[in-house]
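Mind the numbering: the sequence shown is residues 84 to 329 in the working numbering, read in order.
None of these hints come from the bench; they were simulated from the model. Just so it is clear, the structure is predicted and the values come from calculations on it, not from any experiment. Cβ atoms here follow ideal geometry from the backbone N, Cα and C, with glycine treated the same way. Possibly wrong hints are sitting among the right ones.
Stated by the list, open to error - Listed next, with one range per pair, are the computed distances between beta-carbon atoms: (1) 246 <-> 223: 18 to 28 Å; (2) 166 <-> 246: 43 to 53 Å; (3) 91 <-> 136: 14 to 24 Å; (4) 189 <-> 139: 23 to 33 Å; (5) 88 <-> 246: 50 to 60 Å; (6) 219 <-> 250: 17 to 27 Å; (7) 103 <-> 239: 18 to 28 Å; (8) 308 <-> 186: 25 to 35 Å; (9) 220 <-> 88: 49 to 59 Å; (10) 302 <-> 223: 18 to 28 Å; (11) 262 <-> 290: 19 to 29 Å; (12) 154 <-> 313: 25 to 35 Å; (13) 134 <-> 239: 42 to 52 Å.
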Amino acid sequence: MSGPTPGEVVLVGGGPGDPDLITVGGLRALREADVVLYDHLAPLACLEETKPGALLVDVAKIPRGRQTSQAEINALLVRHAAAGSMVVRLKGGDPFVLGRGSEEWLACAEAGIPVRVVPGVTSAVAGPELAGIPLTHRGLSQGFAVVSGHVGPGDPASTVNWDALAAGGGTIVVLMGVKQLPAICAGLVERGLDPSTPAAVVAQAASPRQRVIRGTVSDLPSLAASAGVEPPALTVIGAVVGLDLR
84 MSGPTPGEVV LVGGGPGDPD LITVGGLRAL READVVLYDH LAPLACLEET
134 KPGALLVDVA KIPRGRQTSQ AEINALLVRH AAAGSMVVRL KGGDPFVLGR
184 GSEEWLACAE AGIPVRVVPG VTSAVAGPEL AGIPLTHRGL SQGFAVVSGH
234 VGPGDPASTV NWDALAAGGG TIVVLMGVKQ LPAICAGLVE RGLDPSTPAA
284 VVAQAASPRQ RVIRGTVSDL PSLAASAGVE PPALTVIGAV VGLDLR
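Model the full structure from these sequences, guided by the hints.
The structure is reproduced here in structure tokens:
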């Protein structure tokens, strides 16, 4: 006898945390799901929209805390979908912006599991916006770059062109860079960025606990440390930070 007909996996971008910022398509997928694998940056209030009997699985990767490996997450997605379930992988932000959604897509596709993605509002854009910082502004910045800060300049594990960022003249958005913030700021200045360039850290964006710490690229690390900033937080560097649209 043949096994059950495979279900599907839907990679849902939940946005930066505020449940109002999940898309209509993302919410529809949640309501239809048999199984939801969610992380701690997803809009957890939206889990109340799941149908009775849906299996909710916490697969958080908490900095310096409990971890669920990517291999475990991939295996859970495949196992539940192979059993015939409609599986939602609820992620913070957008699945394909430093979210490992493409890794999950490939794991499902290699196992013969149908998979699709529902894009989400990335914190790289929403976080600065909610802090009153536009990423572009006529006369100040015609573009922005979003980079991972889990390792800093000079680390062989970094594939970011920090020299180009320092010389680019646009807005720089650093995700996952709290720990490496001193090295990142110092590295950009060493590569030619003006140390007086406005910079800000947006912590707990899109939540009632949101905080914004403003300074320059030279003093932001000490200001963030004095404020006790912890992840999740993002950093914005560039002339647009000086607009201060509060």
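Is 25 to 35 Å respected by the C-beta to C-beta distance linking residue 154 and residue 313? Check passed, 27 Å falls within 25 to 35 Å.
(message) Quick check: does the Cβ-Cβ distance between residue 134 and residue 239 fall within 42 to 52 Å?
(response) holds (47 Å)
Within 49 to 59 Å: is that where the Cβ-Cβ distance between residue 220 and residue 88 falls? holds (52 Å)
**Prompt:** Is the hinted range of 17 to 27 Å satisfied by the C-beta distance from residue 219 to residue 250?
**Reply:** Distance hint for residue 219, residue 250 holds at roughly 18 Å.
| Holds or violated: 18 to 28 Å for the Cβ distance of residue 302 and residue 223? | Check passed, 21 Å falls within 18 to 28 Å.
Between the beta carbons of residue 91 and residue 136, is the distance compatible with 14 to 24 Å? Distance hint for residue 91, residue 136 holds at roughly 18 Å.
Query raised in the report: Honestly, do residue 308 and residue 186 meet the 25 to 35 Å range at C-beta?
Result: holds (33 Å)
Handout entry: Outcome for the supplied range 18 to 28 Å, where the beta carbon pair is residue 103 and residue 239
Key = violated (41 Å)
Q.
Verify the CB-CB distance for residue 246 and residue 223 against the hinted window 18 to 28 Å.
A. holds (22 Å)
| query | Has the hinted range 23 to 33 Å been met by the Cβ atoms of residue 189 and residue 139? | reply | holds (25 Å)
Beta-carbon spacing of residue 166 to residue 246 - inside the hinted bounds 43 to 53 Å or not: This hint holds: roughly 49 Å between Cβ atoms.
Regarding residue 88 and residue 246, is the given constraint of 50 to 60 Å on their beta-carbon distance met?
holds (52 Å)
The structure does not agree with numbered hint 7 stated previously, though it agrees with all others.
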